[in-house]
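A.B. asks: Below, each chain spelled out in residue letters.
Number of protein chains: 2
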Amino acid sequence: MKKNVTLAMGNGGEENNALIREVFYEAFGNEILNKSEDAAVLEVPNKKIALSTDSFTVSPLFFPSSNIGKLSICGTCNDLSMMGAKPKYLTVGMIIEEGFGFDDLKKIVESMKRELEINGAMIVSGDTKVMPKGTIDKIIINTTGVGEVLQEGISSNAITQDDVILVSRDIGAHGATIFASREGIELESELKSDCTSLFPTVKALIDGGVKITALRDATRGGVSAVLNEWAKQSKVCVEVNEDDIPVSDEVKGICEMLGFEPAALANEGTFLIALDKKEVDKALEILKTFHQNATMIGKISDKYIGKVVLHSEWGTKRFLESPTGELLPRIC
Amino acid sequence: MKKNVTLAMGNGGEENNALIREVFYEAFGNEILNKSEDAAVLEVPNKKIALSTDSFTVSPLFFPSSNIGKLSICGTCNDLSMMGAKPKYLTVGMIIEEGFGFDDLKKIVESMKRELEINGAMIVSGDTKVMPKGTIDKIIINTTGVGEVLQEGISSNAITQDDVILVSRDIGAHGATIFASREGIELESELKSDCTSLFPTVKALIDGGVKITALRDATRGGVSAVLNEWAKQSKVCVEVNEDDIPVSDEVKGICEMLGFEPAALANEGTFLIALDKKEVDKALEILKTFHQNATMIGKISDKYIGKVVLHSEWGTKRFLESPTGELLPRIC
Chain S
18 MKKNVTLAMG NGGEENNALI REVFYEAFGN EILNKSEDAA VLEVPNKKIA LSTDSFTVSP
78 LFFPSSNIGK LSICGTCNDL SMMGAKPKYL TVGMIIEEGF GFDDLKKIVE SMKRELEING
138 AMIVSGDTKV MPKGTIDKII INTTGVGEVL QEGISSNAIT QDDVILVSRD IGAHGATIFA
198 SREGIELESE LKSDCTSLFP TVKALIDGGV KITALRDATR GGVSAVLNEW AKQSKVCVEV
258 NEDDIPVSDE VKGICEMLGF EPAALANEGT FLIALDKKEV DKALEILKTF HQNATMIGKI
318 SDKYIGKVVL HSEWGTKRFL ESPTGELLPR IC
Chain R
18 MKKNVTLAMG NGGEENNALI REVFYEAFGN EILNKSEDAA VLEVPNKKIA LSTDSFTVSP
78 LFFPSSNIGK LSICGTCNDL SMMGAKPKYL TVGMIIEEGF GFDDLKKIVE SMKRELEING
138 AMIVSGDTKV MPKGTIDKII INTTGVGEVL QEGISSNAIT QDDVILVSRD IGAHGATIFA
198 SREGIELESE LKSDCTSLFP TVKALIDGGV KITALRDATR GGVSAVLNEW AKQSKVCVEV
258 NEDDIPVSDE VKGICEMLGF EPAALANEGT FLIALDKKEV DKALEILKTF HQNATMIGKI
318 SDKYIGKVVL HSEWGTKRFL ESPTGELLPR IC
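Residue numbers (my numbering), protein chains in the order written: chain S, 18 to 349; chain R, 18 to 349.
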C-alpha cells in the first residue's frame with residue numbers, strides 16, 4: 018500500500034476498494050459492513066430510534082487528549098445520548114485531500130475504533146471521497162448515528178419552572194485547547210480537550226432512575242448557546258449564578274488572555290441537564306462519580322421569558338446572550 | 018440577510034441559527050426537524066431499516082439537468098432504493114466555504130426539496146459548518162438516509178446462474194456530462210446527466226411482483242465496477258454482450274474523443290438488476306415505461322469465477338476490469 022492517499026483511491030474502482038478494505042474494513046469490519054451493499058440493512062430493537070448527523074472539520078487534526086477521529090465518534094454518539102438513546106449503528110463519510118498521509122489516516126481510524134467500543138456502537142455503512150490537492154484542507158469526517166431510545170420524552174422543549182440546571186463538569190476545555198494548539202501557545206499546564214463519550218454517564222443516570230427533562234452537550238456556542246436555546250424553545254427564563262459555573266484555572270487563563278467568555282467556548286464532553294428539583298441529589302451523586310466538579314448552576318423562572326440571566330457574585334445581573342460573530346472557526 | 022455565507026454563520030450561535038432557520042428550515046421544515054433537538058426521534062414502520070451515507074463533492078456544482086443539491090438527495094435515496102427500501106428520513110450535513118453565495122445556496126436547497134418530495138422523504142436532522150475561504154472548494158453536502166425495507170433479501174451476494182443482468186437505460190450520461198461541463202466543451206447535442214431518483218422505478222418493480230436478486234446503481238466506477246463487484250461478491254462469472262449495452266451517440270462521442278470506456282463512466286440514475294430468467298419479461302415491461310432503452314445485457318455462468326467477460330460483436334471476448342487510475346475526480 019502507498020504512503021499517501023491518491024486521487025485514484027476515490028475512483029469507485031480498484032484503488033478505492035483497496036483503501037476501503039485495507040484501512041476501513043480492517044478497523045471497522047463487522048458482519049453488516051462486510052456485506053458491502055449499497056445500504057446496510059438493520060434490525061432495530063424497538064420502533065423508536067434517534068438519528069443524528071455531524072461533520073467534523075476541526076483544525077488541527079491532532080490536539081491534546083484527542084483527534085478528529087475520536088471527536089467524530091464522540092460527537093455523534095453524544096448527540097444520540099443527549100436524546101436518551103444508546104448509540105448503535107453509525108455511518109462514516111470520509112472526505113480526504115489527495116496526498117494525505119496513511120500514517121495519520123490510520124491513527125484517526127484507530128481512535129474511531131476505540132471510541133466505537135466505548136459506546137458499544139459499530140460502523141455499518143460508509144463512503145470515501147478523495148479531492149484534488151488544494152480543494153479541501155486535509156480531511157473532513159461526517160458521521161451519522163442511529164440510537165435506540167432508552168428513556169423517552171427527553172426534550173429541549175419540555176423545561177418548566179420545576180426544573181433546575183446542572184453541568185456535568187468544568188466548562189470550555191475543548192475550545193481553549195483548540196485555540197492554544199492552533200496558535201502554538203505553549204502551556205505548561207494540564208489543559209486538554211474534554212472530548213469524551215457521554216453515553217456511559219447518561220446510561221448511569223438512566224439506570225439510576227433519574228428522571229431527566231432535557232440534556233444537551235455544550236458544543237459549538239458553548240454553555241451560552243445551549244441555555245439560550247433552552248430558554249427560547251421551552252419559553253422559560255434560565256437564571257444562572259456565574260460563580261457556580263466551574264471553570265478550570267487553565268481555561269480562565271486562556272479566556273483572560275484573549276477576552277473570551279468561558280460560557281461561549283466549545284466543549285466536546287460536557288453537558289447540561291435540566292431536571293426536577295427533586296432529582297438533583299440523585300443526579301449529582303451519579304455525575305460526581307464521573308467528574309468531581311459536576312454541580313448545579315441555575316434554576317428556571319418566568320422573569321424574562323426566552324432569556325438567560327447571569328447573576329454575579331456582587332449581586333448584579335446581566336443577560337447571557339447566545340454567542341455572535343466568529344469565535345473560533347473549525348472548532349469541531 | 019446577507020448575500021454571502023460568513024464564518025460567523027458556523028458559530029453555533031445567533032448567525033448560525035439564523036442561517037438554519039432562514040434557509041434550511043424554510044425549505045425542509047417539518048414537525049420533527051422543527052423540534053431542534055440534538056437528534057431526531059423517529060417512529061420506524063417496522064423493525065427492518067436500511068441505512069446509507071454519501072458525501073457529494075461534484076464540480077461544477079451546476080450541470081445540465083441537475084446540481085449538487087438534487088444529486089445529494091438522489092444519491093442517498095437511490096442507495097436505499099437499491100436495497101428494496103423506501104427512503105423515509107434523511108440527515109443533511111452542509112460544509113460551506115466562507116463567502117459562498119446565498120443565491121446558489123438557495124437554488125441547491127430548493128432542488129433538494131423537490132427531490133425529497135419525489136421520494137416521499139424528509140430531512141429530520143442536520144448540521145452546518147462554515148470553513149474559512151480557501152480551506153474547502155465551495156460546498157460539500159453529506160446526506161444519510163433511513164429507509165423502510167419493502168422487499169427483503171435483495172443482495173449483491175445472492176446472484177446465481179439462474180440470474181440474468183438488465184440495465185435500466187443507456188449508460189454513462191452523468192460522467193460524460195460532468196466531463197464536458199468541466200472542460201467547457203460546448204455540445205450542440207442533448208447530452209445531460211441521468212441524475213434522477215430511482216425509487217419510483219424500484220417501487221413499480223416491487224409492486225409489479227418482480228422478484229429481484231440484486232440491484233445496484235452504477236455510480237462512481239460505472240457499470241464495470243458494479244459487475245465486477247457482483248462477480249466477486251456472489252462468486253460467479255458475469256458474461257455481457259458489449260453490443261447489448263445501450264450507449265447514446267452523445268456519450269459515444271465524448272468517449273471516442275477522450276479514450277474513455279462508457280462502462281467505466283459514472284451514472285446517477287441508471288441501475289443494474291440481477292434477477293431470475295423467468296422474471297425478465299415482467300421486469301422489462303415495467304422498466305420500459307420509465308426508459309424505452311432498458312434491456313438485458315448479460316447472463317451468469319461459472320466460466321471465470323469472480324470475473325466479468327465482455328463478448329464483442331466480432332465473436333471475440335475479453336475481461337472487463339474494474340476501473341483503475343483517476344478517471345474523473347469529483348464526479349459526484
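No lab work stands behind these hints, which were simulated from the structure alone.
Honestly, I wouldn't trust all of these hints.
For identical chains, the list gives no copy identity; a pair is met inside one copy or between any two copies.
Claimed, not checked - With a straight-line Cα cutoff of 25 Å, these simulated BS3-like cross-link-like pairs (lysine-lysine) come out:
1. LYS294 - LYS124
2. LYS103 - LYS65
3. LYS20 - LYS294
4. LYS65 - LYS295
5. LYS19 - LYS252
6. LYS269 - LYS65
7. LYS320 - LYS130
8. LYS103 - LYS64
9. LYS19 - LYS249
10. LYS52 - LYS249
11. LYS269 - LYS295
12. LYS316 - LYS52
13. LYS209 - LYS64
14. LYS150 - LYS123
Model, not experiment: these values are computed from the prediction.
A.B. asks: Indicate, hint by hint, whether the structure satisfies it.
C.D. replies: Do the hints match the structure? See the list:
For the homomeric pair LYS294 and LYS124, neither the shortest alpha-carbon distance inside one copy (44 Å) nor that between copies (48 Å) is at most 25 Å. Taking the closest pair of Cα atoms, LYS103 and LYS65 come within 25 Å of each other both inside a single copy (11 Å) and across two copies (18 Å). Proximity of LYS20 and LYS294 under a CA criterion of 25 Å is satisfied in neither setting, with 57 Å inside one chain copy and 46 Å between copies. Proximity of LYS65 to LYS295 under the C-alpha cut-off of 25 Å is found in neither arrangement, the shortest distances being 28 Å within a copy and 40 Å between copies.
Proximity of LYS19 to LYS252 under the C-alpha cut-off of 25 Å is found in neither arrangement, the shortest distances being 56 Å within a copy and 28 Å between copies. Taking identical chains as interchangeable, the C-alpha atoms of LYS269 and LYS65 are never at most 25 Å apart, the minima being 42 Å within one chain and 49 Å between chains. For the homomeric pair LYS320 and LYS130, neither the shortest alpha-carbon distance inside one copy (47 Å) nor that between copies (40 Å) is at most 25 Å. For a Cα distance limit of 25 Å, the shortest separation of LYS103 from LYS64 qualifies both inside one copy, at 14 Å, and across copies, at 16 Å.
When the C-alpha separation of LYS19 and LYS249 is checked against a cutoff of 25 Å, the pair qualifies only between copies, where the shortest distance is 24 Å, while the shortest distance within a copy is 52 Å. When the C-alpha separation of LYS52 and LYS249 is checked against a cutoff of 25 Å, the pair qualifies only between copies, where the shortest distance is 12 Å, while the shortest distance within a copy is 45 Å. In this assembly of identical chains, LYS269 and LYS295 lie within 25 Å of each other by CA distance neither inside one copy nor across copies; the values are 32 Å within and 73 Å between. In this homomeric assembly, LYS316 and LYS52 come within 25 Å of each other (Cα to Cα) only across copies, at 23 Å, whereas the closest approach inside a single copy is 51 Å.
Taking the shortest Cα distances, LYS209 and LYS64 never come within 25 Å of each other, neither inside one copy (39 Å) nor across copies (42 Å). In the homo-oligomer, the alpha carbons of LYS150 and LYS123 lie at most 25 Å apart inside one protomer (20 Å), although the nearest pairing across protomers, at 28 Å, exceeds that limit.
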